[in-house]
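Asks: Spelled out from the first residue to the last, the chains are:
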Amino acid sequence: MKRVFLGVLLAAIGGWALAAEPCLVVGMIIGGTKDDAGYNQSQYEALMALKEKMPCVEILFAENVPEGEAEAVLESMIQQGAKLLFPAGFGYMFPALNVAKRHPDVIFMHPGGYMLADNFGTYFSNVQFAYYLLGVAAGLMTKTNKIGFIGGMPIAFVLGNCNAFHLGARAVNPNVTTYFVVTGAWLDRAKEVAATQALIQQGCDVIGSHLDSPIAVAQTCCEAEVFFVGYPSLAVQKFCPEYWITGLGLTWGDFFVEIAQQVLAGTWQPAHVRRGIEAGFITLGEFGPKVPEEVKKVVLEYKARLISGELQPFAGPIRDQAGNVRIPEGTAWGPLDMGKFDWLAEGIVGSPK
Amino acid sequence: MSWFLSWLSGAILYAAPILYPTLGEVVGQRTGMVNLGLEGLMLLGASISFAVSFLTQNAWVGILAAAGAGLTANFVYAWLVVHRNASQLAAGLALMFFGIGMSALIGKPYVGQMAAYLPKYPLLGPKSLVFRYDILVYFAFALAPLVWFFLFRTSFGLKLRAVGESPAIAYAAGVSPAFMRYFAAAFTGVMAAVGGAHLALGIAGTWSEGMTAGRGFIAIALVIFSRWNPLRAIIGALVFGGAVVLQLQLQAQGIGVSAFLMDMIPYVLTVLVLLVWGRGVRYVAPASLGRVYFGTE
Amino acid sequence: MPKPNIIRFWHGLLRLLVTVVVILGIFGLFLWLMGRDPIKSYRDTFRLNLLNPRGLAEVVVRMSPLLLTALGVAIPFRAGLINVGAEGQFMMGALLGTWVALNLPGLSQSLHLLLVILAGMLGGAVWGAIPGALGWANETITTLLLNYLAPLVVGYFVFGPWRAPELAMYPQTPEFPPSARFPMFFPGTRMHLGFFLGLFFLLAYGYLISRSRWGLELRAVGGNPEAARRLGIPVERWIVGAMVLGGALAGLAGIAEVAAIHGRLKMAISPGYGFMGFLVNWLAFANPIGILIMSFLVAFIASSGFTLQLTQRLPYAAVNVLMALILFTVLAKPFAKGVRR
Chain A
1 MKRVFLGVLL
11 AAIGGWALAA
21 EPCLVVGMII
31 GGTKDDAGYN
41 QSQYEALMAL
51 KEKMPCVEIL
61 FAENVPEGEA
71 EAVLESMIQQ
81 GAKLLFPAGF
91 GYMFPALNVA
101 KRHPDVIFMH
111 PGGYMLADNF
121 GTYFSNVQFA
131 YYLLGVAAGL
141 MTKTNKIGFI
151 GGMPIAFVLG
161 NCNAFHLGAR
171 AVNPNVTTYF
181 VVTGAWLDRA
191 KEVAATQALI
201 QQGCDVIGSH
211 LDSPIAVAQT
221 CCEAEVFFVG
231 YPSLAVQKFC
241 PEYWITGLGL
251 TWGDFFVEIA
261 QQVLAGTWQP
271 AHVRRGIEAG
281 FITLGEFGPK
291 VPEEVKKVVL
301 EYKARLISGE
311 LQPFAGPIRD
321 QAGNVRIPEG
331 TAWGPLDMGK
341 FDWLAEGIVG
351 SPK
Chain B
1001 MSWFLSWLSG
1011 AILYAAPILY
1021 PTLGEVVGQR
1031 TGMVNLGLEG
1041 LMLLGASISF
1051 AVSFLTQNAW
1061 VGILAAAGAG
1071 LTANFVYAWL
1081 VVHRNASQLA
1091 AGLALMFFGI
1101 GMSALIGKPY
1111 VGQMAAYLPK
1121 YPLLGPKSLV
1131 FRYDILVYFA
1141 FALAPLVWFF
1151 LFRTSFGLKL
1161 RAVGESPAIA
1171 YAAGVSPAFM
1181 RYFAAAFTGV
1191 MAAVGGAHLA
1201 LGIAGTWSEG
1211 MTAGRGFIAI
1221 ALVIFSRWNP
1231 LRAIIGALVF
1241 GGAVVLQLQL
1251 QAQGIGVSAF
1261 LMDMIPYVLT
1271 VLVLLVWGRG
1281 VRYVAPASLG
1291 RVYFGTE
Chain C
2001 MPKPNIIRFW
2011 HGLLRLLVTV
2021 VVILGIFGLF
2031 LWLMGRDPIK
2041 SYRDTFRLNL
2051 LNPRGLAEVV
2061 VRMSPLLLTA
2071 LGVAIPFRAG
2081 LINVGAEGQF
2091 MMGALLGTWV
2101 ALNLPGLSQS
2111 LHLLLVILAG
2121 MLGGAVWGAI
2131 PGALGWANET
2141 ITTLLLNYLA
2151 PLVVGYFVFG
2161 PWRAPELAMY
2171 PQTPEFPPSA
2181 RFPMFFPGTR
2191 MHLGFFLGLF
2201 FLLAYGYLIS
2211 RSRWGLELRA
2221 VGGNPEAARR
2231 LGIPVERWIV
2241 GAMVLGGALA
2251 GLAGIAEVAA
2261 IHGRLKMAIS
2271 PGYGFMGFLV
2281 NWLAFANPIG
2291 ILIMSFLVAF
2301 IASSGFTLQL
2311 TQRLPYAAVN
2321 VLMALILFTV
2331 LAKPFAKGVR
2341 R
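For the protein sequence lines, the chains are A, B and C, in the order given.
So that you can map any letter, position 107 of the first sequence is 107 in our numbering, and since no number is skipped, the others follow by simple counting.
So that you can map any letter, position 256 of the second sequence is 1256 in our numbering, and since no number is skipped, the others follow by simple counting.
So that you can map any letter, position 292 of the third sequence is 2292 in our numbering, and since no number is skipped, the others follow by simple counting.
Taking lysine-lysine and the DSBU-like style, the derived pairs with C-alpha atoms no more than 30 Å apart in a straight line are: (1) 2040/C / 83/A; (2) 51/A / 1108/B; (3) 238/A / 143/A; (4) 2040/C / 51/A.
Listed next, the stretches of chain A that the computed footprint assigns to chain B, with coverage defined by at least 3 CB atoms under 8 Å from CB atoms of chain B: (5) 170-183; (6) 192-201; (7) 339-352.
Calculated directly from the structure, the hints in this document are not laboratory data.
Even glycine gets a Cβ: it sits at the ideal position worked out from N, Cα and C.
All chains should be modelled from the sequences, with the hints used to inform the complete structure.
Replies: This is the structure:
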């Protein structure tokens, strides 16, 4: 036993002496797997892009981390020298805050969170605003005037995306009805297929979704020869190139590099960073082969207006399904209001609960 | 009417991947073995079928590979139960852990990929959107009556059931409980794995960790629901498949129904079945179910 | 002539130690098969999970629910019942405990905690009583079914009536008031009251099962129910009672996890603690000291899973395979005599 202990001690010292010093140790945890062609993959890829652009950075990465274990894994990463951590899953916010309190010298960046601390900031893409563009495309492409939206869980960001999808479609096609369905899980392939089929049976001929990964939806649309828009990954295009209209990819741009540099320079400040297409946080995908030129033109026009700030997707008056005004005339909801959705807009069929 | 037809069409499709493990477990439990590891077997089947189908670009090779893997894995369970007198529940749980972990490791490189899939054949003419299924769906529903016939109308089936009632008496009558149990285990393993393979290649078209979402356990519930009868298993599977589809169709029609309440239906129904027919269950269940057999053979 | 107690004690301890060594050996073999360096892996896990005070504390944190869920399986086991429903009982305990935590404001912490603990035990007890009462159905199967119902019930409440309004974004209940949170000990770690409750019940179990009349009756029911009935022991009542007690402890594990670690009820509170408890009980042969050691070991393996993901890029799924291999090996009873080959 003593020999083992000495061995461990020597190895630790030896390891410490021999290892080269990285300029920064960055850690990330995700709730799913890194190759889900969706949300988790986008976070992982941004992390790898950081490593590529800043080779002196050492990366610590763990996937499939349950929420109850998050604190322990984050602490473990800190023990190994991490100074910048990305708890990249919404449910990690409170555990990460706890760890942040104990380690004021470590910076935490959380996607989608709504709380700040001296060493805790958040970031997210203004997805809802970009989803409006997908709605515009859908409104122009639909022949039945019925489009569908599949959400994972009825949370604000999902409802917001559905609303944006619907409002965008209505902007170019006032007769559109949007059907909203929830599978109850972020990743349940069989349910996703069943949801898509249910929407198609209702007559929807364009399907949008907000799930961890849109692959199952894409394949079902393919079989039924129905159009779909992709989110949150552009990689899904290859699953059904013919019926792909366009999509949104969470690309995060060089944001991670920006943050890492701020941490190294000591200039980092806690903030809710919310950026959209204009900053490269989201990318509008290329168009599929069946999309007519006029449609492309209109969508790109709207995109330009969105980037310039001229277009406000959530400008009032907007009513909910019961007819109550939720966004009054003359006001508009901005990126920080995206957590307030617990309602669906007029003209959407489906329940927000 | 068309609402009903599209619901039925979906129900049949979603019934198939759960009918397979249910049939397998019915046979297994008829020899007195409870296998909690069905979930692991299904996941093994799903991951292996997907991986092999990707590598060979042939769905059938994938399904065969999955069947083989399921058979082998379940033989480990059978060996532990038959030859090491292991607790069936512990052995089943071990199989469950194994399948969950192994499938994740096997499937890892193939997440987010496309494999070769099963072609679909329409039941009602080429133009219909409903009732178009791959062969495994048709086969599942054809298999159930065959299993019933085998269990209840052949002498081999009688001997198999005898082992489930009392291995000692079966042995005394010249039947080998060990052989019957291995035979049943082979069938269960193949069935559960094929069920998982169908889920991956026939319905979902992808592989994700844990994609069976508890179907392996639901199958055990359905075995009780169907009171160890393969024909009633069809109904149980349809109820389950139907609940999955119904929930989503109701939502698509704007009827707000809590997904959780809908998901509870198969379990609540099973518990009700137990309550209502409960007193009879003790007599209907194979008498030696779950008990370790310390026989001499 | 039955073996005297002292020899049985050492024999049991030896069997336990051999099991532990075998498990560690399998772990190493498994790592080697996965293409990882077993020596370095062991060094990493020892360094980060055992020799490191915070790492060790985390192992204990993971061990706390296992102590209780293993007891939740052990008590029915002694009565001859197989309780695979600890997962469901865990969640129902969390559910009822949450209701008490959120709906009784203005209480002192000691009173509130007591009520929360009792509510958690009650939730689990009720969920355990149902299969117990359905006497004629095989309890293995009914407990399993209820495992599936429980998260759906929790989901219904967490998404529906109990959802925190300010968190329209995410399905969870509002945060527990401070009076309902389990106190933590040893600042800098997450060790909480649940661990000490687990130890308390483990000691109580150990004492009562072997030295009290209740323990004797329980074991009699498990050993030979017919004989017990003839001796006048109320067998049916003990069956339900054992399930109620087992469920209560699993339920306590659930509310402890929520009140200590999460602070609010959400869907994702159990990474399989119920099944792991079954595994622990099984490896420990329902022996109290065994449960203590095996809970620690299983918690250690689970912690290593995360550590090795960081240091060796070992996928977490490997831990499940490892648990399976351990269980397969133990089930195969390689050293047992008198088992036909």
